[in-house]
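From just these sequences and the hints, can you work out the full model?
What follows is the residue order along each chain.
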Amino acid sequence: MATETALGASSGTTKSETGFRHWSALRNAAILLALWEVLGRFKLVAGGALPAPTEVLIRLWSDRGDYPLHILATFQGASLGFLIGNGLAILAGILFAVSPVAARLGRGLNVAIFALPPIAISPILVLTFSGMTPRVVLAALGCYFVTMSATVTGISQTDKRMLDVVRAYGGGRLALLCLVEIRSALPAILAGLRVAAPAAVLGSILAEFGGGGRFGLGAYLIGSLGRADPARLWGIGLAATAMALIAYGIFALIEARLTRSTRAVTVAATPPGIRSEGSLVSTIAITLASITLPFIVWWLLLKVLGTPAMIAKTPAGVFDYLFLAPSATSAQTRLLAALGQTLPMTLIGMAAGLAFAFALALASVVRPGIVRSFMPVALVTQTMPLVALTPLLVLLLGRGPSLILWITISVTFFPAFVTLAQGLGMVSRGALDVVRAYGASPFTELRLVSIPASLPYLFAAMRLAVPRALLGVMIAEWLATGTGLGNLLNQSRGYLDYGMIWTVAVVSVLISVLFYQIVIVIERHVLQKRGMQPAA
Amino acid sequence: MHLSLNRRHFMGLMGAAATVPMMGRSASAATPFNFQASWINDAEFAGYFLAADKGYYKEAGLELEYLSGGPDVIPESSIIAGKADLTLTTPDTTIKAIVEQGAPFKIIGAQYQKNPIGIVSLAKNPIKQPKDLIGKTLAVPPVNVISVEAMLKISGIDRAQVNIVPYAYDPTPLIKGEIDASVDFTTNVPFTIKQAGEEATSFLLYDFGFTIFNDTVVVTEEVLKAKRKEIVAFLKASRKGWEENLADPAAFPKTFADTWFKGTGRSIENEVYFNTAQKPLIENANGIFSMSEEAIAANIEALAAVGITAKREYFDTTVLEEV
Numbered sequence: 001m002a003t004e005t006a007l008g009a010s011s012g013t014t015k016s017e018t019g020f021r022h023w024s025a026l027r028n029a030a031i032l033l034a035l036w037e038v039l040g041r042f043k044l045v046a047g048g049a050l051p052a053p054t055e056v057l058i059r060l061w062s063d064r065g066d067y068p069l070h071i072l073a074t075f076q077g078a079s080l081g082f083l084i085g086n087g088l089a090i091l092a093g094i095l096f097a098v099s100p101v102a103a104r105l106g107r108g109l110n111v112a113i114f115a116l117p118p119i120a121i122s123p124i125l126v127l128t129f130s131g132m133t134p135r136v137v138l139a140a141l142g143c144y145f146v147t148m149s150a151t152v153t154g155i156s157q158t159d160k161r162m163l164d165v166v167r168a169y170g171g172g173r174l175a176l177l178c179l180v181e182i183r184s185a186l187p188a189i190l191a192g193l194r195v196a197a198p199a200a201v202l203g204s205i206l207a208e209f210g211g212g213g214r215f216g217l218g219a220y221l222i223g224s225l226g227r228a229d230p231a232r233l234w235g236i237g238l239a240a241t242a243m244a245l246i247a248y249g250i251f252a253l254i255e256a257r258l259t260r261s262t263r264a265v266t267v268a269a270t271p272p273g274i275r276s277e278g279s280l281v282s283t284i285a286i287t288l289a290s291i292t293l294p295f296i297v298w299w300l301l302l303k304v305l306g307t308p309a310m311i312a313k314t315p316a317g318v319f320d321y322l323f324l325a326p327s328a329t330s331a332q333t334r335l336l337a338a339l340g341q342t343l344p345m346t347l348i349g350m351a352a353g354l355a356f357a358f359a360l361a362l363a364s365v366v367r368p369g370i371v372r373s374f375m376p377v378a379l380v381t382q383t384m385p386l387v388a389l390t391p392l393l394v395l396l397l398g399r400g401p402s403l404i405l406w407i408t409i410s411v412t413f414f415p416a417f418v419t420l421a422q423g424l425g426m427v428s429r430g431a432l433d434v435v436r437a438y439g440a441s442p443f444t445e446l447r448l449v450s451i452p453a454s455l456p457y458l459f460a461a462m463r464l465a466v467p468r469a470l471l472g473v474m475i476a477e478w479l480a481t482g483t484g485l486g487n488l489l490n491q492s493r494g495y496l497d498y499g500m501i502w503t504v505a506v507v508s509v510l511i512s513v514l515f516y517q518i519v520i521v522i523e524r525h526v527l528q529k530r531g532m533q534p535a536a
Numbered sequence: 001m002h003l004s005l006n007r008r009h010f011m012g013l014m015g016a017a018a019t020v021p022m023m024g025r026s027a028s029a030a031t032p033f034n035f036q037a038s039w040i041n042d043a044e045f046a047g048y049f050l051a052a053d054k055g056y057y058k059e060a061g062l063e064l065e066y067l068s069g070g071p072d073v074i075p076e077s078s079i080i081a082g083k084a085d086l087t088l089t090t091p092d093t094t095i096k097a098i099v100e101q102g103a104p105f106k107i108i109g110a111q112y113q114k115n116p117i118g119i120v121s122l123a124k125n126p127i128k129q130p131k132d133l134i135g136k137t138l139a140v141p142p143v144n145v146i147s148v149e150a151m152l153k154i155s156g157i158d159r160a161q162v163n164i165v166p167y168a169y170d171p172t173p174l175i176k177g178e179i180d181a182s183v184d185f186t187t188n189v190p191f192t193i194k195q196a197g198e199e200a201t202s203f204l205l206y207d208f209g210f211t212i213f214n215d216t217v218v219v220t221e222e223v224l225k226a227k228r229k230e231i232v233a234f235l236k237a238s239r240k241g242w243e244e245n246l247a248d249p250a251a252f253p254k255t256f257a258d259t260w261f262k263g264t265g266r267s268i269e270n271e272v273y274f275n276t277a278q279k280p281l282i283e284n285a286n287g288i289f290s291m292s293e294e295a296i297a298a299n300i301e302a303l304a305a306v307g308i309t310a311k312r313e314y315f316d317t318t319v320l321e322e323v
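From first to last, the protein sequence lines are chains A and B. FYI, UniProt numbering numbers position 251 of the first sequence as 251, with every residue one higher than the one before it. FYI, UniProt numbering numbers position 74 of the second sequence as 74, with every residue one higher than the one before it.
Among these hints, one or two may not hold up.
In silico DSS-like cross-links for lysine-lysine, where the CA-CA straight-line distance does not exceed 30 Å [claimed, not checked]:
no., chain 1, residue 1, chain 2, residue 2
1, B, Lys136, A, Lys43
2, B, Lys225, A, Lys303
3, B, Lys106, B, Lys83
Hints were generated in silico from the structure; no laboratory data involved.
Here it is as structure tokens:
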């Protein structure tokens, strides 16, 4: 009861106000659509490369016979991947939250999985597996990290006082987990699933590009690319978006219902305890094992699957290609030249994507209506396959740095935004009530309470953004600019240069892991000063 | 590592269940044979579709598994990985892999005697020969980079004089004038451009010195030894399908509309255009897939221009002699 009263009082909105907000969000969306219609109808954008919404709908209707089989195939791949990926992610998240040693051992593997560039591993998956499996694997990989880290975040941010209550009554580790931690982690897990849903759809579609299967929205898109029919491509993008939107909506709804009953009414007075790291020797041993684990898994997988050595390069194979083989010098030169083009853009793109996500998350607190009407657009950018937008993007932005930047922002901001918005939403009501009681404006509230309190989430968002920024830059290079690592990867496929395909994949993972570690170091420093726990 | 959710296998089972009562009639059990195509299902593979529909592979004792291709499918990889027994490739990448990585490939036939790949541009901004490309922007798919570099070299053009950008198989940037030309199948794209209200002009890389085949029939040495009989049977049935299809290029594409072409998002008129345009590039006095000594020599010479030293032994003409 107390929680509900607090919620009703603090949200401070009456029925009519809520109605007005919904109405204004609808109105904004309608204005947006009307504007788009005019731009499309009169061919005002890129000489007609942007189709009007009605043109897209008409095309969608005339193509309606094609869709059911494709949607079904994508749904199968995405949903199976979603179930497997998230199931593993939640189990792993619980394991990592409960056992700090396991968390430190698994970190290398976790980061490596998250940093795997889908465009590099999709052809490899297609070679190694058959049928639906590449789609399921890519969809599952797209879900894993987000949900795993959300689970860890949720559990580690549990109100310590609730744990004390269970402990005082003699509850063991399992009781703590079942009665308190998993329950309090539910909102975070659901937020993770919400982000994972579009990721699963995109993962499946991406594998369909490379899979050579006949059905699936990705396969349909490939067949339609050569037709120079933007309305068809947008129609396929809309279908993908609708799929993701429904999944996103379901989890958002469940989350909204559950989050209400798990918010603390008061602030914990004691800071959470700092984990002891054990002796220096064991720390070094665990760190080394954590670094070695991904390489062992990589090597073992190839051995178990028995993929021929010409296609499947083991860690030793990549080392040989890059340092020992006669072509090593040429490979190094090409790799370094590509890195010189890709790395600066990655840093700029990451900063821009995070800044946008942060601004959007703040806006969602101050002006929720505007953000609500922007959300459909944001979701489209997540599920609309970029290859379908390439002609429009190159016509609007050319094939230079600005195109790379836009694609990188669009790939980066969404998970960062969801994490940040969730952090801002989880801010203790009691702390907010204090500043409100003194008549603080929404901005003062943000500055004094919300932003400092959600710092762990800001760092979690940064960690999410690191590998995605690199992926965004590589996609842009692959589709449009023909520079850097993305192009090197693409060209290596054309040359059957398997050594380079693996090298690019490995190097991009290593770069992501390096950036990730840098963020971790800064995070530890900042949060320890404030007596906070890192999120995940 | 197989998941049960494999539509093709599931459908195969359903098909097998339906044919159980018929099994007694067929004398010998068919041998499974996996064929990896180099692109999505379009007219480029009409001959194989026809042969499959008319039961020519079954008659030859083969249970054909047809694997569609696509932009990211590297056909050669499928035969190395053992997923397919036989595939169709771009000869320049295949030969480069043999030379540089010792890949165990044999080229045993060629679907296209003349490579259909060419430079496509708009008639209002025409690019009629390689030297027109100087100072222009050309979009090239990754698998064709070697071909384009060879054509430029043969024509005496410095690669740096042409602005090469990636091509994502969507002609919109060409139609809107963002790029000046693209590298694509000349048997296909001009149709799309016409549909979009523009007139296209094109030339084949083949006609400017890059005299290579395309969709070369490639197997690994291992499979050639182990499955020679099946390979011969496949080529024989495929040749029959192609001959029948090319006899009237307008006749068969529509019969694939609800099967092979279902859901590709392409129109039947487009496939008929493609099928008609490819006829002179495929037809061969010695029988479809044949590779004459002169043509092989021309391939070797063209590839030498980009420093790929192909040898006669990479081509094996003895398989087709048995067809």
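Here's how the hints hold up against the structure:
Distance hint between lysine 136 of chain B and lysine 43 of chain A is fulfilled; the C-alpha atoms sit about 26 Å from each other, no more than 30 Å. Taking the CA atoms of lysine 225 of chain B and lysine 303 of chain A, the gap is near 26 Å; set against the 30 Å cutoff, the hint holds. Straight-line distance between C-alpha atoms of lysine 106 of chain B and lysine 83 of chain B comes to about 17 Å, which keeps the hinted pair within the 30 Å bound.
Hint compliance for this structure: no hint is broken.
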